[in-house]
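If you read the sequences in order, they're chains A and B. Take 1 as the starting number for the first sequence in our numbering and just add one per residue. Take 1 as the starting number for the second sequence in our numbering and just add one per residue.
Note that these hints are calculated values from the structure, not bench results. From the three backbone atoms N, C-alpha and C, an ideal C-beta is built for every residue, glycine too. Please note that a few of the clues may not be correct.
Unchecked claim - Distance windows between CB atoms, simulated:
| no. | chain 1 | residue 1 | chain 2 | residue 2 | range |
| --- | --- | --- | --- | --- | --- |
| 1 | B | TRP53 | A | HIS59 | 53 to 59 Å |
| 2 | B | SER117 | A | GLU205 | 33 to 39 Å |
| 3 | B | TRP53 | A | GLY235 | 36 to 42 Å |
What the hints assert, rightly or not - Residues from chain A that face chain B, not an exhaustive set, calculated with beta carbons under 7 Å:
| no. | residue |
| --- | --- |
| 4 | VAL35 |
| 5 | PRO41 |
| 6 | HIS59 |
| 7 | HIS61 |
| 8 | GLY64 |
| 9 | GLY207 |
| 10 | ILE234 |
| 11 | GLY235 |
Said to hold, decoys possible - One-sided and incomplete, this derived list gives chain A residues near chain B with beta-carbon spacing under 8 Å:
| no. | residue |
| --- | --- |
| 12 | ASN20 |
| 13 | PHE26 |
| 14 | ALA30 |
| 15 | TYR68 |
| 16 | HIS70 |
| 17 | PHE73 |
| 18 | ASN74 |
| 19 | PRO128 |
| 20 | VAL194 |
| 21 | PRO195 |
| 22 | LEU198 |
| 23 | ASN270 |
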Amino acid sequence: MSLHRNKQKRVWTADDKNQNLMGYLFASPAILGLVIFTILPMIASLFLSFTDYSVLNLHLHWVGTQNYTHIFFNDIFFRKSLLVTFTYAIGSTAATLVAALILALLMNAKVRGQSIFRTLFYLPVIVPAIASNILWMWLFNPDFGLLNAILRFFGLPKSNWVFDEKTAIPSLILMAVWACGGTALIFLAGLQDVPETLLEDVEVEGGNWWDKFVHVIIPSISPIIFFNLIMGLIGSFQTFTQAYVMTNGGPNNATLFYSLLIYREAFQDNQMGYASALAWILFVIIGIFTLFIFRTAKSWVFYGSDK
Amino acid sequence: MSKKKIKMMTYIPLVFIGIISIVPFLWLVRSALMNNTEIFEFPPKMIPTKWLWSNFSEVFKVIDFKTYLLNTFIIIVPVIIGTVVTSCMCGYAFARLNFKYKNFWFAIVIATMMLPSAVTLIPTFIMWSKLGAVNTFWPLILPAFFGGGGFNIFLMRQFFTAIPEELDEAAILDGATRFQIFWKIMLPLVKPAMLVVGFFTFMNTWNDFFNPLIYLNDPKKQTLALGLLQLQGSYSSEWNLLMAASTLMTIPAVIIFFFGQKYFIQGISLTSGSKS
């Protein structure tokens, strides 16, 4: 026995160096990719944010914190887009999470035909963004759109949806909720792992479905709620396509998303330095937000081993 | 209430939400088949009086649909190959091989999933433009050969981790090299994972709007997503054409989804396993 172990140990030791080499070899695409497409561009972008660089302009001047002071003190679009982006990010993440969780609970019910419903709920997710944006512009059409036809059917006043300053963001949130099937499937996977015995315990103690939901289901899937919350917020902070395709930031800048602002500065006005500063501000904001949620996570996210 | 009744009750919201999910699709197809007067009737009809299939051929006439489709495929094929091959390699390394600073590198790879793309966008664009690669497919293809992104690497690693360690150990004792283990033992076992990554990559590339928008300005080089945008710009009130074009772009995604449904769901379930 001990001989065998020795032999095995020797083999693995000889393998260690080899593993190190092979490890780096196999991981090299990711590591090179990180350096070329993430780390170096991040450093370059931080540097550019202190310059007046533009692609057309061959000169590059160090302007210190000028870009940043201009953004914080003089750029009205910055403030507007921050407000728009925060409103949408929080609204759409909250609405999507709630809708997805309800959907997942329904999909988790043991009734026949669930695979058909699962497919139906996931379909909106697979529509290409541009096609879904054009489709929704048509659905939102104030005069000929389906949504106003439905409102009319129920005798409700018509809405201008994305074409009105007041309803633009709620309309986009509605669109996000329509495509919540992906998030719902992640929840569903979590719901399927909720321990049956815990649910039975609640029943034994005379609890109803609400007790099960609050005391068993929510704590069990809290890591997944956490994951969906983080990814939802990060994703919605970067919303671009809807604003670019559907509303072009309007009406009256009501959908001037932060990413659209960066795009305009960088690729339409050619202010690469200024746009880099905007990008870094977004990065820091998302970073602080994420960190904050990670900090609070300790008090409400329960991992399996805690139980 | 009896259990049976509760079961029946769950159908009500299921069917209701199912209808909400599907109605926009029906509206899409119904609008794609109408003529340009019927589409503007109010209150609207759900079924066109005459099914105008010619709207689809009209799309091919008014925009260079064939070129856009071809360009999209020229991009999509190498992107899938690059992503599957390199994410597989990296997933194997992070799951199975012990190398220095492995956890450090892996943590960074995962962290990049949370990085807003705007913060790397501008220097990356400048780099490609200095290389003369704007209006070529390189900026859209080449990055796929560097691991295919944190999500795919993570997915692959999860699959590799699920394979019993004894397999490697036995092979090592038999004198197999790490490369042989990867090629002969591991790869056949992670084929389903490669399909998952392949399907997701197809979808993401097919749907990608932002990168083509940034890198492809030449109309001859543009992808379907940009073609649709162009159509929207020049035929903004011909909703039947816009709907026909949107339908044409949605159909391949739906077909791929039906073929790969199992893999999509598997991939999504694995994502959720990650958090614990």
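Does the hinted range 33 to 39 Å hold for SER117(B) and GLU205(A) at CB?
With a Cβ separation near 49 Å, SER117(B) and GLU205(A) fall outside 33 to 39 Å, so the hint is violated.
Satisfaction of the PRO41(A) interface hint, Cβ to chain B closer than 7 Å
4 Å, holds
Taking the beta carbons of TRP53(B) and HIS59(A), is their distance inside 53 to 59 Å?
57 Å, holds
At a threshold of 7 Å, is the proposed contact between GLY64(A) and chain B supported by beta-carbon distances?
Cβ of GLY64(A) sits 19 Å from chain B, so the hint is violated.
For the restraint on HIS59(A), tell me whether the closest CB of chain B is nearer than 7 Å.
14 Å, violated
Does the interface hint hold: is ILE234(A) within less than 7 Å of chain B, judged Cβ to Cβ?
Hint on ILE234(A): holds, closest Cβ of chain B at ~6 Å, below 7 Å.
Starting from the range 36 to 42 Å, see whether the pair TRP53(B) and GLY235(A) falls in it by beta-carbon distance.
Since TRP53(B) and GLY235(A) have Cβ atoms about 37 Å apart, the given range 36 to 42 Å holds.
Using the nearest Cβ pair, does HIS70(A) come within less than 8 Å of chain B?
17 Å, violated
Regarding the hint that PRO195(A) lies at the interface with chain B, is the smallest CB-CB distance below 8 Å?
13 Å, violated
Status of the VAL194(A) interface restraint (C-beta, 8 Å, chain B)
This hint is violated: VAL194(A) lies away from chain B, its Cβ roughly 12 Å from the closest one there, beyond 8 Å.
Are GLY235(A) and chain B close enough, Cβ to Cβ, to be under 7 Å, as the hint says?
For GLY235(A), the interface hint is violated, since the closest Cβ of chain B sits about 10 Å away, which is over 7 Å.
With a cut-off of 8 Å, does the beta carbon of ASN20(A) approach a beta carbon of chain B closely enough for the hint to hold?
5 Å, holds
The earlier numbered hints that this structure contradicts are 2, 4, 6, 7, 8, 9, 11, 15, 16, 17, 18, 20, 21, 22, 23.
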